[in-house]
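Assemble chain B onto chain A, guided by the hints.
The primary structure of each chain is shown beneath.
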Amino acid sequence: MRSLINILDLSVEEIDKLIATANDIIANPDDYAEKCKRKKLATLFFEPSTRTRLSFEAAMLELGGSVIGFSAANNSSAAKGESVSDTAKTISCYADIIAMRHPKEGAPLVASKAASIPVINAGDGGHNHPTQTLADLLTIHREKGSFNDLTIGLCGDLKFGRTVHSLISAMSRYSGIKFVLISPEELKLPSYVKKDVLEKNGIPYEQTTDLEGAMPELDILYMTRVQRERFFNEEDYLRLKDSYILEPGKLKNAKKDLCIMHPLPRVNEISVAIDDDPRACYFKQVLNGKYMRMALILMLLEEAAK
Amino acid sequence: MNIDSISNGIVIDHIKAGSGMKLYELLGLGELDCSVAIIKNVSSKKMGKKDIIKIDADIPVDLDVIGYVDPDATVNIIKNGELVKKLVIGLPETLTDVIKCKNPRCITSVEQEIRHIFRLTDRDKKIYRCIYCETKAN
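Going line by line, the protein sequences match chains A and B. To convert, note that position 28 of the first sequence is 28 in my numbering; the numbers rise steadily by one, no gaps. To convert, note that position 54 of the second sequence is 54 in my numbering; the numbers rise steadily by one, no gaps.
Chain A on its own, in the form it takes in the complex:
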């Protein structure tokens, strides 16, 4: 049974196909309004999430399907001690496809091994979040026209930011990519990502703490939030949370066609004054996420039916 656990489970060709489907959905939504009629998506969210869960649910509803699920572990049998495997086997009896978020890394992989229906990883702790990456990829593709020859600035929490790690992995498969890694010392990109992904693929990168200094060369600026839930120590969180705040003044040397992205939710790392700037793409990203989830649900259900 085909599932999506890691963005690298998808080949470059499959990502191209998903982008083509998403673009077709955007152009011809009525053609897709009944594609998932009588199909059920189970959203198993063992950790709170507004955006991702509602995006999955909206995606399935727009495909004509329906949705069941829970939005916190204490609303599920996990509170009684049920294993992820048993939950996945049980839900396989009710639904056609699962979207799972879990605070523990690898939980969706465990579910996919037990389930008899496709499982989509909707975020496993600080590990992977492949559908956010799909949203990011569609945004980059629609804003820039291709995935090649781009300088991508990643700013904020590059240590725990799972969306950053997945985006680096996904973009490292294209040519002419350069990364500028902008973070405080304590939140630098882990060395294994640098060695195993960037250096292994010969992708050039720079590390800096200076956002404004890096700004002029960027085609894409991907901001991230310092996430309280990833810290064991509250003092460390409070010390680092305001490291980078993007305000209009910091964009004075930025390219005219810079694409500013953020996986959201934001706290204060992008000033609301930026929202009206035509370069702000983070709400487009949210919308693109729904379309890519629609394309993904369609692809996995088609493969499951074979």
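Don't take every hint at face value.
[Said to hold, decoys possible] List of simulated lysine-lysine pairs, DSS-like, C-alpha gap at most 25 Å:
1. A/Lys200 - B/Lys136
2. A/Lys188 - B/Lys125
3. A/Lys159 - B/Lys136
[Said to hold, decoys possible] If we take Cβ atoms under 8 Å as the criterion, some of the chain A residues that face chain B in the derived model are:
4. Ser83
5. Val84
6. Gly125
7. Gly126
8. His127
9. Tyr192
Since the hints were derived computationally from the structure, they do not count as laboratory data. In this text, a Cβ means the ideal position worked out from N, Cα and C, and glycines have one as well.
The following block gives chain B in isolation, referenced to the frame of chain A:
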């Protein structure tokens, strides 16, 4: 120093000096009833020094464990006093329940029934990663 030769059993030879005890522990040899000998720091023309383990019983051993601890070790199967098979294991592609993931954020840290599986991700550097959280094995 004399160690009796064995007539039916296994001799794990060419173990890198110092790795014999680790292998003994990971293979669970302390739980066997039969004679088991660990010979440390044996002189070796090829290796300088090596460790050897002799197991005086024809029992199944987890070859993946041997390959993980020392991919260059050789496994000699002895039957009726004769060497019937000699194996060089090499690094196994996966390790199942040989080592445990130590990442407190990994699903294996909270669900005891899940098998601890590691995959070889870099053969040259001998790096194994947990298949669930991708944390590097120590």
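* Structure versus earlier hints - violations, ascending order -> Going through the list in order, the structure violates no hint and respects every one.
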